[in-house]
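Starting from the known structure of chain A, fit chain B onto it as the hints suggest.
Protein chains in written order, with our numbering: chain A, 1 to 162; chain B, 1001 to 1396.
You may find that some hints are simply not true.
[Stated by the list, open to error] Here are the simulated BS3-like pairs of lysine-lysine, each with C-alpha atoms no more than 30 Å apart in a straight line: (1) B:Lys1096 with A:Lys29; (2) A:Lys79 with A:Lys65; (3) B:Lys1191 with A:Lys47; (4) A:Lys36 with B:Lys1189; (5) A:Lys25 with B:Lys1085; (6) A:Lys29 with B:Lys1154; (7) B:Lys1312 with A:Lys47; (8) B:Lys1280 with A:Lys36; (9) B:Lys1196 with A:Lys33; (10) B:Lys1137 with A:Lys29; (11) A:Lys25 with B:Lys1137; (12) A:Lys25 with B:Lys1189; (13) A:Lys29 with B:Lys1196; (14) B:Lys1085 with A:Lys29; (15) B:Lys1137 with B:Lys1196; (16) A:Lys33 with B:Lys1280; (17) B:Lys1225 with A:Lys47; (18) A:Lys47 with B:Lys1196; (19) A:Lys25 with B:Lys1312; (20) A:Lys33 with B:Lys1189; (21) A:Lys33 with B:Lys1223; (22) A:Lys29 with B:Lys1312; (23) A:Lys60 with A:Lys36; (24) B:Lys1223 with B:Lys1145; (25) B:Lys1085 with A:Lys36; (26) B:Lys1191 with A:Lys33; (27) B:Lys1223 with A:Lys36; (28) B:Lys1191 with A:Lys36; (29) B:Lys1298 with A:Lys25; (30) B:Lys1223 with A:Lys29.
Because the hints were derived from the structure by calculation, they are not lab data.
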Amino acid sequence: MLSAGLGTIIWTSIAFLTVLFLLGKMAWKPMLKSLKEREDFITNSIKSAESANNQLSQLKAENEKLLAEARMEREKILKEARETGEDILSKARKASVEEEQRILAKAKQEIENEKAAAIAELKSQVVSLSIDMAEKLLKREFESKENQVKLVEENLKSATLN
Amino acid sequence: MTIRIKIAELQKFKLKSIINRKVLLLLFTLFSFNLFAEHDINSDSTTTENKHENKFDAGTFIMHHIADAHQIHFFTLNEGKENEKHFSIYLPIIIKDQNGINVYSSSNFYHHSHTIEINGKHQHYYSYNNYVMFDEKIYKAEGDKGLMLDGAGKILNQSVLDLSPTKSIIGILITIILLLLMFGSAAVKYKKNPLKAPTGLQAWLEPMVLFIRDEVAIPSIGKDKADRFVPFLLTTFFFIWLANLLGLIPFIGGFNVMGTIGVTLVLATVVFIITNINGKSHYWTHILWPPGVPFPIKLILVPIEIISIFMKPMVLMIRLTANITAGHIIILAFTCLVFIFGQQSAGAGYGAGIGSVLFMVFMYFIELLVTFLQAYVFTLLTAMYFGSAIEEPHHH
Chain A
1 MLSAGLGTII
11 WTSIAFLTVL
21 FLLGKMAWKP
31 MLKSLKERED
41 FITNSIKSAE
51 SANNQLSQLK
61 AENEKLLAEA
71 RMEREKILKE
81 ARETGEDILS
91 KARKASVEEE
101 QRILAKAKQE
111 IENEKAAAIA
121 ELKSQVVSLS
131 IDMAEKLLKR
141 EFESKENQVK
151 LVEENLKSAT
161 LN
Chain B
1001 MTIRIKIAEL
1011 QKFKLKSIIN
1021 RKVLLLLFTL
1031 FSFNLFAEHD
1041 INSDSTTTEN
1051 KHENKFDAGT
1061 FIMHHIADAH
1071 QIHFFTLNEG
1081 KENEKHFSIY
1091 LPIIIKDQNG
1101 INVYSSSNFY
1111 HHSHTIEING
1121 KHQHYYSYNN
1131 YVMFDEKIYK
1141 AEGDKGLMLD
1151 GAGKILNQSV
1161 LDLSPTKSII
1171 GILITIILLL
1181 LMFGSAAVKY
1191 KKNPLKAPTG
1201 LQAWLEPMVL
1211 FIRDEVAIPS
1221 IGKDKADRFV
1231 PFLLTTFFFI
1241 WLANLLGLIP
1251 FIGGFNVMGT
1261 IGVTLVLATV
1271 VFIITNINGK
1281 SHYWTHILWP
1291 PGVPFPIKLI
1301 LVPIEIISIF
1311 MKPMVLMIRL
1321 TANITAGHII
1331 ILAFTCLVFI
1341 FGQQSAGAGY
1351 GAGIGSVLFM
1361 VFMYFIELLV
1371 TFLQAYVFTL
1381 LTAMYFGSAI
1391 EEPHHH
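One chain only, chain A, in its complex shape (with noise of 0.2 Å):
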């Protein structure tokens, strides 16, 4: 049992070698070569995802960064518009009331100058009158002699003649 024959042997070797060289060509080489393909594209699916994913959370940083920023930004403009308002809103009442005063003034001194010219006019007015009534009283206390001498009698008596 425990004899090699020689038949055995060369029909082993031819058999062996044929499966060696059969399987080599017909099922190793492909089969090995996809499963190298199939890893590498494994590793390099899981690299990209990966990367995909680290890209992702970096976008999403960043839109969350920028939408802070937007956030930021509107309440500096609401702040800005809200201030803009106010100012505006100050300036105008400001205005306003300058202008109102000015107005005010300006009506207080047509009061005056109304007032004053219409004070002069009574003022001459008067005097006119007073003028035409002393004229009339005049005319009328000198028509008769003695009343002139009368007066001017008694102006010689108030009159201290030193």
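The following block gives chain B in isolation, referenced to the frame of chain A:
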């Protein structure tokens, strides 16, 4: 596994009852199957004469069943009777001698049976034309003298070159066909869509291919150099494993491919050749002039190293053959146990039969593991030898 039993041998026991015989036949039909054409046996008169004298000899029986043969024998019907029928595939016998190449069917030999007494034991041998066949080895016959022995039982006949495709060779061919079919069809799928996940047979084979590549080849040889050796390791692993599994299948004649020393011799020789033609200077210097070793020790070490070059593949060869043969022997031994007890009494035969079958089932599971384990060990050690051959000197 060789559970089939040649019923010719069973009949040699003096069975106590018909019932007992029927039970045993039933037991053995479990392990054998009617498949092939039958032939009537043209037994020599000497054969029948001695039949009743023979007692069941477990050793001869087992050795006969684990040995390579020129036929694939399934079973025999009507043992020892006039209408005895053998169910076998008779393989061609190719003989080369000074007369040129002769091709016969082995049925010619197996149907010319003779009995001869060797060292007090009755043994069978077969004859045809000018040849005799004893213990599956073929010799030249001188005239009609048959097998000639000297006083010590040594065969005097001139041996001839036997180039027959024996049972183990048929086992190898079946293994090869299965390998080509399995991996050929899997490879087609890999070619078609290399990036898809494996399906079907491919999914079953892929983990094992990866196992050999990633757990055997790469750790032993190194990642960058393993690629060159992976196809050989894969072929070796699957060839051995499948051949071993073939030997476990009952009813098909009990192949013992890796238990045939000629087969493992070829495998070990190929390993030896590949290892040594790939041997780098580092490998050879460590064998022929080991550095850092005092001169007197070198004198001892170098011959040992040189012997070890041959020893390593030899150990591979013997380990594989011995393990596979041992598995077959154990199961056959349990089978024999039934007949040994059966010779005593029917009851003992039944009892031993139940126990033996349980043990055989257990052993089958162990053997299933061993088929894988031995293929793995052979491949792993081969990878390690390759690894040591191509190892680069590392600086400490």
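Problem set entry | Pairwise hint evaluation, Lys1280 of chain B against Lys33 of chain A, where the allowed Cα distance is 30 Å at most | The hint holds at about 27 Å.
For this session: Compare the distance between the alpha carbons of Lys1191 of chain B and Lys47 of chain A with 30 Å, and conclude whether the hinted pair is satisfied.
Result: OK: Lys1191 of chain B and Lys47 of chain A at ~25 Å, within 30 Å.
For this session: Below or equal to 30 Å on CA atoms is what counts here, so check Lys25 of chain A against Lys1189 of chain B.
Result: 15 Å, holds
Exercise. When you check the alpha-carbon spacing of Lys33 of chain A and Lys1223 of chain B, does it fall within 30 Å?
Worked result: Judged against 30 Å, a Cα distance of about 15 Å means the pair holds.
Exercise. Between Lys25 of chain A and Lys1085 of chain B, is the straight-line Cα distance small enough, at 30 Å or below?
Worked result: 46 Å, violated
Exercise. Given the hint that Lys1137 of chain B pairs with Lys29 of chain A, does the C-alpha gap stay at or below 30 Å?
Worked result: 41 Å, violated
Exercise. Is it true that the CA of Lys1225 of chain B sits at most 30 Å from the CA of Lys47 of chain A?
Worked result: It holds: about 26 Å lies between the C-alpha atoms, which stays within 30 Å.
Exercise. Is the straight-line distance between the alpha-carbon of Lys29 of chain A and that of Lys1196 of chain B 30 Å or less?
Worked result: 17 Å, holds
Problem set entry | Pair hint Lys1312 of chain B and Lys47 of chain A, alpha-carbon separation not exceeding 30 Å | 44 Å, violated
Problem set entry | Given hint Lys1312 of chain B paired with Lys25 of chain A - CA-CA distance at most 30 Å | 29 Å, holds
Exercise. Keeping to a limit of 30 Å between CA atoms, is the pair of Lys1196 of chain B and Lys33 of chain A held or broken?
Worked result: Distance of about 13 Å is within 30 Å: holds.
Problem set entry | Pair hint Lys1223 of chain B and Lys1145 of chain B, alpha-carbon separation not exceeding 30 Å | 64 Å, violated
When the structure is compared with the earlier hints, violations turn up for hints 1, 5, 6, 7, 10, 11, 14, 15, 23, 24, 25, 29 and for no others.
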